[in-house]
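**Q** One line per chain: the protein sequences are A and B, in this order. For the first sequence, counting from 1, position 115 maps to 115 in the working numbering; every step adds exactly one. Going from the second sequence to the working numbering is simple: count from 1 and add 237.
If a hint is listed, it holds; no wrong ones were tucked in.
FRET-style restraints, in silico, Cβ to Cβ:
#, chain 1, residue 1, chain 2, residue 2, range
1, B, Asp-540, A, Ala-47, 48 to 54 Å
2, B, Glu-735, A, Glu-170, 24 to 30 Å
3, B, Arg-316, A, Gly-196, 49 to 55 Å
4, A, Asn-117, B, Asp-540, 45 to 51 Å
Hints in this document: simulated from the structure, not taken from any laboratory. Note that CB positions come from ideal geometry on N, CA and C, so glycine has one too.
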Amino acid sequence: MSKLRRWITLCCGTTIALAFQVRCYASDDTPRTWVPYFTPATSLPKAPDSEGFLQRWLLLEPIDKPNRSNAGFTDSYVRAHLTTNYFTGQFTVLPRNGDKVTVGNEELVWHAVDSANYDVKLFRFAYGLNKRTYGVLFWAVTVVASPRELKGVRLAVGSNSASMWWLNGEEAVDLFGDRRMVADDCVSKRVTLKQGKNVIRGAVINGPGLSDFCVRFIDEKGEPIKDLTLELNNSGI
Amino acid sequence: MKRRLFSTAIPVLLALLPLSEAWALDGEPYIHDPSTIIECDGKFYTFGTGGGGLISDDGWTWHSGAVRPGGGVAPDVIRIGDRYYMSYATGGGGLAGGHASKVHTMWTKTLDPKSPEFGFKDDTIVASSDGVEDCDAIDPAFLLDPTDGRLWLSYGTYFGFIRIVELDPKTCKRVEGNQPVNVAIDCEATDLLYRDGWYYLLGTHGTCCDGANSTYNLRVGRSRKVAGPYVDNMGQDMLEGGGKLVAAASGRYVGLGHFGLLDLGNGVQKFSCHYEADLDRGGRSVLDIRPLLWKDGWPVGGDNFKGGTFEIQSARSGYALELAVDFVRMPGRRGGFGGFGGPGRGGPAGANAPNGTNGLPSGGLGVNRAPAGPVTPIPLQELAQVSSNWPAGNIGVRLGDYMMRPHQKWVITAVTNAGGYPGSPYFTITIEGTERALAATADAEVVAVPAATGAPEQLWRIDQLTDGAYRIMPKTVPNSRGPLALTAVGASTPTLAEFDPNSDKARWNFTPP
Numbered sequence: 001m002s003k004l005r006r007w008i009t010l011c012c013g014t015t016i017a018l019a020f021q022v023r024c025y026a027s028d029d030t031p032r033t034w035v036p037y038f039t040p041a042t043s044l045p046k047a048p049d050s051e052g053f054l055q056r057w058l059l060l061e062p063i064d065k066p067n068r069s070n071a072g073f074t075d076s077y078v079r080a081h082l083t084t085n086y087f088t089g090q091f092t093v094l095p096r097n098g099d100k101v102t103v104g105n106e107e108l109v110w111h112a113v114d115s116a117n118y119d120v121k122l123f124r125f126a127y128g129l130n131k132r133t134y135g136v137l138f139w140a141v142t143v144v145a146s147p148r149e150l151k152g153v154r155l156a157v158g159s160n161s162a163s164m165w166w167l168n169g170e171e172a173v174d175l176f177g178d179r180r181m182v183a184d185d186c187v188s189k190r191v192t193l194k195q196g197k198n199v200i201r202g203a204v205i206n207g208p209g210l211s212d213f214c215v216r217f218i219d220e221k222g223e224p225i226k227d228l229t230l231e232l233n234n235s236g237i
Numbered sequence: 238m239k240r241r242l243f244s245t246a247i248p249v250l251l252a253l254l255p256l257s258e259a260w261a262l263d264g265e266p267y268i269h270d271p272s273t274i275i276e277c278d279g280k281f282y283t284f285g286t287g288g289g290g291l292i293s294d295d296g297w298t299w300h301s302g303a304v305r306p307g308g309g310v311a312p313d314v315i316r317i318g319d320r321y322y323m324s325y326a327t328g329g330g331g332l333a334g335g336h337a338s339k340v341h342t343m344w345t346k347t348l349d350p351k352s353p354e355f356g357f358k359d360d361t362i363v364a365s366s367d368g369v370e371d372c373d374a375i376d377p378a379f380l381l382d383p384t385d386g387r388l389w390l391s392y393g394t395y396f397g398f399i400r401i402v403e404l405d406p407k408t409c410k411r412v413e414g415n416q417p418v419n420v421a422i423d424c425e426a427t428d429l430l431y432r433d434g435w436y437y438l439l440g441t442h443g444t445c446c447d448g449a450n451s452t453y454n455l456r457v458g459r460s461r462k463v464a465g466p467y468v469d470n471m472g473q474d475m476l477e478g479g480g481k482l483v484a485a486a487s488g489r490y491v492g493l494g495h496f497g498l499l500d501l502g503n504g505v506q507k508f509s510c511h512y513e514a515d516l517d518r519g520g521r522s523v524l525d526i527r528p529l530l531w532k533d534g535w536p537v538g539g540d541n542f543k544g545g546t547f548e549i550q551s552a553r554s555g556y557a558l559e560l561a562v563d564f565v566r567m568p569g570r571r572g573g574f575g576g577f578g579g580p581g582r583g584g585p586a587g588a589n590a591p592n593g594t595n596g597l598p599s600g601g602l603g604v605n606r607a608p609a610g611p612v613t614p615i616p617l618q619e620l621a622q623v624s625s626n627w628p629a630g631n632i633g634v635r636l637g638d639y640m641m642r643p644h645q646k647w648v649i650t651a652v653t654n655a656g657g658y659p660g661s662p663y664f665t666i667t668i669e670g671t672e673r674a675l676a677a678t679a680d681a682e683v684v685a686v687p688a689a690t691g692a693p694e695q696l697w698r699i700d701q702l703t704d705g706a707y708r709i710m711p712k713t714v715p716n717s718r719g720p721l722a723l724t725a726v727g728a729s730t731p732t733l734a735e736f737d738p739n740s741d742k743a744r745w746n747f748t749p750p
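Bound conformation, chain A alone:
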């Protein structure tokens, strides 16, 4: 390739890249909404869906993480960046709907939502709030109430893109690499669900593209566990 052609190619590529960036980040005048992807969570306990997926979550508005590609989401990178403390009480506090945290110079709000789908469409969550959708890091929390102790169950997660998940404060599932969301993609080792409330925390990182996740518990045979409820009433809803 001649220097001229290389320069033209470089310019074209840069122009296209900038065009993408403008389109993705530019705000427009169209009113944005979560509909039909989310509704505000209620104070009534909510069961998993017919396939056991957990649809009630506290979602934090996206943290700016300007990765322009997912190609570098190695184990080490994802672990380092998803175990970084971005806000106070990140791994300890059970947030309430409307709570605010400060990340850098930015104030972000927790939203208690019910997903209309089996998966939690983080891109639509951010888009509906007129927040950034690419180059983001999402935090999600929910509380699962079990009527009895359940031993030998597994936390099954799919996410786009990489993510890490904690159950009752213990790291349970990691999804590294540039991932597409697949139900039951990565599954924890056998864990115990306590009788009563169990806290799940998750962090999802993505560069460009749609972000979402789906979470459920499965038993030894891989069958979904549905005898659970999602209760965020401690979260001030």
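Guided by the hints, dock chain B onto chain A, whose structure is given.
**A** The following block gives chain B in isolation, referenced to the frame of chain A:
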């Protein structure tokens, strides 16, 4: 064949068993015309021509010691209730020019000759040939019809017809008034089996008893009725010489014959046979146990897994078993269109590290043009380029897109002096070029340990299933009460779990790397 396997005592010497090399069973598996292999009180038994037979604790290492009275040829054995029924033939077989022969049955409560309950009773003649008719009543074989509980016996050799008679399953004596039915010609050492609405008649074609020059080979026809007609894949009736090939000579084994079904359950079927000549054992006739596969409704003789270097691919997700280590990018040319990448994926072009330095496209838009300069091959990533960054201790394993990377290439090596299972020794599974070995953990998960020690939790049983995929099971799972199999509990997550024959979760394929 211990000399061609490797010792667990010297793990550093564990090495690849050449793919082209094969071995029959371990020990002294010398036998001719073996009966169907049968389990009794935790041991495997098979009986041969002339009396006696072989015993094995695990189905891999065999020794003489089985006891059968009556002499004669080519016995078969079946368990019904609390009895082991034996059938064998005397006379005939063309020996000394005669074809007058008798098929006997008898029974015992146990096959263990050391047991006080051992002892064959009620030796009864259930079929015969007079030496003139077109039949030579030898080589009997049982079928207990799973659809109705009726008991059938096939017998015969090249002198005339293969015939079927009905026996009483309570006594193993001939059903009164039952007349023999001709079902095949041109074969001997027949056996019957039933599967999915079909009756299969397996018979041995070719020349027997000529050592390295025997042309014995295994053929099959099938029928909707036990009495036939049995036709092959070309529609040719076995009464006209038909028979689809199931297995024949291969490797250093000549003259495969005398099929016997060994159904291990959960989608694992094997078959016993003998080779007229094992060239590595001086041309002696030996027992073997091989996978029985099924394709389009026909049985296919599989080959025992021999090991090698493979991608271990999950039938559930198509992902490859790999060490859970950082993916290291190769220095190959980037293509694509740069910028932010396509929605949902993040295109590789312009892919900068997540710490976000520049992201300008290096591949540009010229992907559809021939390169102006020379095209140079890109070497595959090598172990030394990546392994120094791997953790020193245990490393988790997972399933991921196969990318021909060092952390995805597994060497599977047969080991000796560690026991085995029907047809095969145990294997170690290590990352190529390393001692890092796949191991079962006490919490029934899998991990890659730094050193292959040959410990039981590092030994793996690999059975081919009837559909051609493989089941992979550790010899031992610490603290586990029952056998567990390597299972894709998630699309990208392996574990150990009870084997489910109706799911692809625990099915694996070995693909050359």
